Amino acid sequence: MNSNRIKKGLLIAVPVVVVILAVCILFFNRHNEVTVEGPIGQIADNETDSSVWAQFYPAHWDSYQANYDNTENPSHFEAKPYLQVMYAGFGFAKEYNEPRGHVYSLEDVIAVDPARKKAGASCITCKSTQVPGLIEKYGEQYYLMSFDDIIDEVNQPIGCLDCHDPKTMNLRLTRPALIQALERQGKDIDKLTHQELRSLVCAQCHVTYYFAPDTKEIVFPWDKGLKADQILAYYDEKEFSEWVHPDAGTGLVKPRHAEYETFMDSTHQSAGLACADCHMPYVKVGNKKISSHTWQSPLNNIEESCTTCHRNGTDWLINRVKTIQNQVKQVQDLAGNAVVAAINELKISREAPGADQAKLEEAMYQHRKAQWYLDYVAVTNGYGFHNPTETLNNLGIAIDSAHKSVQLAREARGAQ
Amino acid sequence: MKNKLQWLGLLVVLGFALMLTPKIPALGLTEASFCGRCHAMDLQVSTYLHSPHANAATCGDCHDPHGLITGSAFAAFTGARDVYRVVTNTIPAEIRATDLSKKVLQNNCLRCHGDIMAEIGDTSHNGGSYCFHCHQEIVHQR
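Sequence order for the protein chains is S and L.
Each step along the first sequence adds one to the number in our numbering, with nothing skipped, and position 125 is 125.
Count along the second sequence from 1, then add 1000; that gives the number in our numbering.
A couple of the hints might just be wrong.
In silico lysine to aspartate or glutamate, EDC-like type, Cα no more than 16 angstroms apart, as pairs [said to hold, decoys possible]:
#1 S/LYS288 / L/ASP1061
#2 S/LYS80 / S/ASP333
#3 S/LYS284 / L/ASP1061
#4 S/LYS289 / L/GLU1119
#5 L/LYS1102 / L/ASP1042
#6 S/LYS80 / S/GLU95
#7 S/LYS216 / S/GLU242
#8 S/LYS289 / L/ASP1061
#9 S/LYS118 / S/ASP236
#10 S/LYS288 / L/ASP1115
#11 S/LYS359 / L/ASP1115
#12 L/LYS1103 / L/ASP1122
#13 S/LYS347 / L/ASP1082
#14 S/LYS288 / L/ASP1042
#15 S/LYS254 / S/ASP236
#16 S/LYS117 / S/ASP236
#17 S/LYS167 / L/GLU1119
Here are the computed distance ranges between Cβ atoms for each label pair [said to hold, decoys possible]:
#18 S/ILE189 / L/LEU1011: 22 to 28 angstroms
#19 S/ASN170 / L/THR1070: 45 to 51 angstroms
#20 S/GLY286 / L/GLY1127: 25 to 31 angstroms
#21 S/ASP165 / L/LYS1102: 26 to 32 angstroms
#22 S/ILE189 / L/LEU1100: 55 to 61 angstroms
#23 L/LYS1102 / S/GLU95: 27 to 33 angstroms
#24 S/GLY272 / L/THR1070: 26 to 32 angstroms
#25 S/ASN73 / L/LEU1043: 39 to 45 angstroms
#26 L/LEU1008 / S/ILE189: 35 to 41 angstroms
#27 L/GLY1127 / S/THR389: 22 to 28 angstroms
#28 S/GLY286 / L/LEU1100: 33 to 39 angstroms
#29 L/LEU1100 / S/LYS284: 29 to 35 angstroms
Computed footprint of chain L on chain S; a stretch qualifies when at least three of its residues, placed anywhere within it, have a C-beta under 8 angstroms from a C-beta of chain L [unchecked claim]:
#30 284-294
#31 304-314
If you are wondering where the hints come from, they were derived from the structure by calculation, not from laboratory data.
Here the structure is a predicted model, which means the values were calculated and not measured.
Idealized CB from N, CA, C, for every residue including glycine.
Starting from the given sequences, assemble the full structure and let the hints guide the process.
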């Protein structure tokens, strides 16, 4: 071959190939764009009125409005009468109803018996989207104000601003108690992943907490860990009690709806799921999917929540959930009756002349422990489904401690 | 020397041209009839053929990047790797998608289903889950 001809050929071929390639790359890339839309409008930085957000997110607003359909607020004492005996001497014994959900948060907290509002403004912290603004306005003084002072300043229930940044719609944390708890754990709250936030925005409120004795500030007792035994160890170290049971004489602490703590390390959480995956599943609205903002039991929309992953059929799935929940309820009732028996024994022993005080103290500690573990399960939504094995483990400890308490209380007064 | 260079050049051009062949639909090199030739993928292929996706997407539509060069380079690499595994009889008992493969799949999910996901966006963004983390058995099993 003549080298000149090759040179000439290459001179034509190379540019032609380059141009064809460039056109091909351009063509393929032009048709490879993922359709993702950004925010559609601008909402003010501190817009607490969710109906303003509704103009930009009508489908989300509709699903949020559907929360009004949940009108039931049954008393915890109907299904769990032992709770009322356990709470004697504490505001919860007066009334303990299940709230009706985010959109009713203000109405429901106003309707609560005044006996439970002694903590004051702190009670409203998780009830209105306006609270972060008020905490900014009043500083630490907020927590020391009375319930009536603050309730006059709020008129919006839990809404968009509680979890979303109005500019980017990204999830964000607004409640100081969670932010502080994470900071004490050494977590950088600016580096949380989207999937972590899809649980943590819920953990702003759906967790157990206590009011710091002097400042009335809401604190998450997580410094030793998130689990029931670690939280009780935290309280024990501080020798902290919220009230003294009038019959048993025991200093007690009250767990609150520890849904986030229970869910952590569960089967579903270890598989990478967040609260929102089951409680806010993606639902089709017209030609779009949105994350449902109707917060409810996933059993109510099981085809969107469970069957996306589990293809075993809805009947089988419902049966599995009900079986777990019934088994938990059964063991929970056993624990409830055991704790009531401990309270009764302690009452008798405390009234008995010459009872062994050291033994009584031990019996009281076992009562404190039993009641903590039982209450931790009983007031957490889901009847154990958030973490079945851990829940049954907690109930087992509750039953064992209650039995020890009964035995020690009997020994204290010389009975068998 | 010059002769060798010419042959090398020819080989490179030919190799490059060959690499692009998966992107020629008429050859069907990314279809189940071709990918399913090896028994390794029997379960995946037979369940895929029963799924609605069988009428709309080939194996390569989901498993290869959509770009001409990126797609064919990826297909060449994974194809060669799979052939090596079959020939040396080192097919893993449990075939799993690699991290890169997951990203490719996610982009391809959104390439077709991006419209319906416009409000939500890419779920895998910032540590999130891939579409198929939940929708595991929608196209084929395992």
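Evaluation of the provided hints:
1. A hinted pair counts as satisfied when its Cα atoms are at most 16 angstroms apart, and S/LYS288 with L/ASP1061 does not qualify at roughly 23 angstroms.
2. The straight-line distance between the Cα atoms of S/LYS80 and S/ASP333 is roughly 7 angstroms, inside the 16 angstroms bound, and the hint therefore holds.
3. Distance restraint check for S/LYS284 and L/ASP1061: the Cα-Cα separation of roughly 24 angstroms exceeds the 16 angstroms cut-off, and the hinted pair is therefore not satisfied.
4. A distance of roughly 7 angstroms separates the Cα atoms of S/LYS289 and L/GLU1119; the hinted pair therefore holds under the 16 angstroms criterion.
5. For a cut-off of 16 angstroms, the pair hint linking L/LYS1102 to L/ASP1042 is broken: about 21 angstroms separates their Cα positions.
6. Taking the CA atoms of S/LYS80 and S/GLU95, the gap is about 13 angstroms. The hint holds against a cut of 16 angstroms.
7. A threshold of 16 angstroms between alpha carbons decides the hint, and for S/LYS216 with S/GLU242 the separation of about 12 angstroms falls inside it, so the pair holds.
8. The straight-line distance between the Cα atoms of S/LYS289 and L/ASP1061 is roughly 23 angstroms, outside the 16 angstroms bound, and the hint therefore fails.
9. At most 16 angstroms may separate the alpha-carbon atoms for a hinted pair to count; S/LYS118 and S/ASP236 exceed this at roughly 23 angstroms.
10. For the hint pairing S/LYS288 with L/ASP1115, the CA-to-CA distance comes to about 7 angstroms; that is within 16 angstroms, so the pair holds.
11. Proposed proximity of S/LYS359 and L/ASP1115 is contradicted: the alpha carbons are some 69 angstroms apart, above 16 angstroms.
12. Note on L/LYS1103 and L/ASP1122: the hinted pairing holds, with a Cα-Cα distance of about 11 angstroms set against a maximum of 16 angstroms.
13. The straight-line distance between the Cα atoms of S/LYS347 and L/ASP1082 is roughly 74 angstroms, outside the 16 angstroms bound, and the hint therefore fails.
14. Straight-line distance between C-alpha atoms of S/LYS288 and L/ASP1042 comes to about 35 angstroms, which puts the hinted pair past the 16 angstroms bound.
15. For the suggested pair S/LYS254 and S/ASP236, the alpha carbons sit about 13 angstroms apart, so the restraint of at most 16 angstroms is met.
16. Straight-line distance between C-alpha atoms of S/LYS117 and S/ASP236 comes to about 25 angstroms, which puts the hinted pair past the 16 angstroms bound.
17. Of the supplied pair hints, the one linking S/LYS167 and L/GLU1119 holds, its CA atoms being roughly 15 angstroms apart against a limit of 16 angstroms.
18. For S/ILE189 and L/LEU1011, the hinted distance range of 22 to 28 angstroms is not satisfied, since their beta carbons lie about 56 angstroms from each other.
19. S/ASN170 and L/THR1070 have their C-beta atoms about 30 angstroms apart, which leaves the hinted 45 to 51 angstroms range violated.
20. Between S/GLY286 and L/GLY1127 the CB atoms are about 29 angstroms apart, so this pair conforms to the stated range of 25 to 31 angstroms.
21. Roughly 28 angstroms separates the CB atoms of S/ASP165 and L/LYS1102, a value that falls within the hinted 26 to 32 angstroms.
22. The supplied range of 55 to 61 angstroms is broken by S/ILE189 and L/LEU1100, whose beta-carbon atoms lie about 31 angstroms from each other.
23. Checked against the given bound of 27 to 33 angstroms, the beta carbons of L/LYS1102 and S/GLU95, roughly 51 angstroms apart, lie outside it.
24. Checked against the given bound of 26 to 32 angstroms, the beta carbons of S/GLY272 and L/THR1070, roughly 28 angstroms apart, stay inside it.
25. Take S/ASN73 and L/LEU1043: their Cβ atoms lie about 50 angstroms apart, and the range 39 to 45 angstroms is violated.
26. Separated by about 57 angstroms at the C-beta atoms, L/LEU1008 and S/ILE189 break the suggested range of 35 to 41 angstroms.
27. Here the CB-CB span from L/GLY1127 to S/THR389 is close to 26 angstroms, well matched to the stated 22 to 28 angstroms.
28. A hinted range of 33 to 39 angstroms for the beta carbons of S/GLY286 and L/LEU1100 is consistent with their spacing of about 35 angstroms.
29. Roughly 30 angstroms separates the CB atoms of L/LEU1100 and S/LYS284, a value that falls within the hinted 29 to 35 angstroms.
30. Given as covered by chain L, the stretch 284-294 of chain S passes the check, having 6 residues with a CB less than 8 angstroms from a CB of that chain where 3 are the minimum.
31. Under the rule that three or more residues need a Cβ within less than 8 angstroms of chain L, the assignment of the stretch 304-314 of chain S holds, with 3 such residues.
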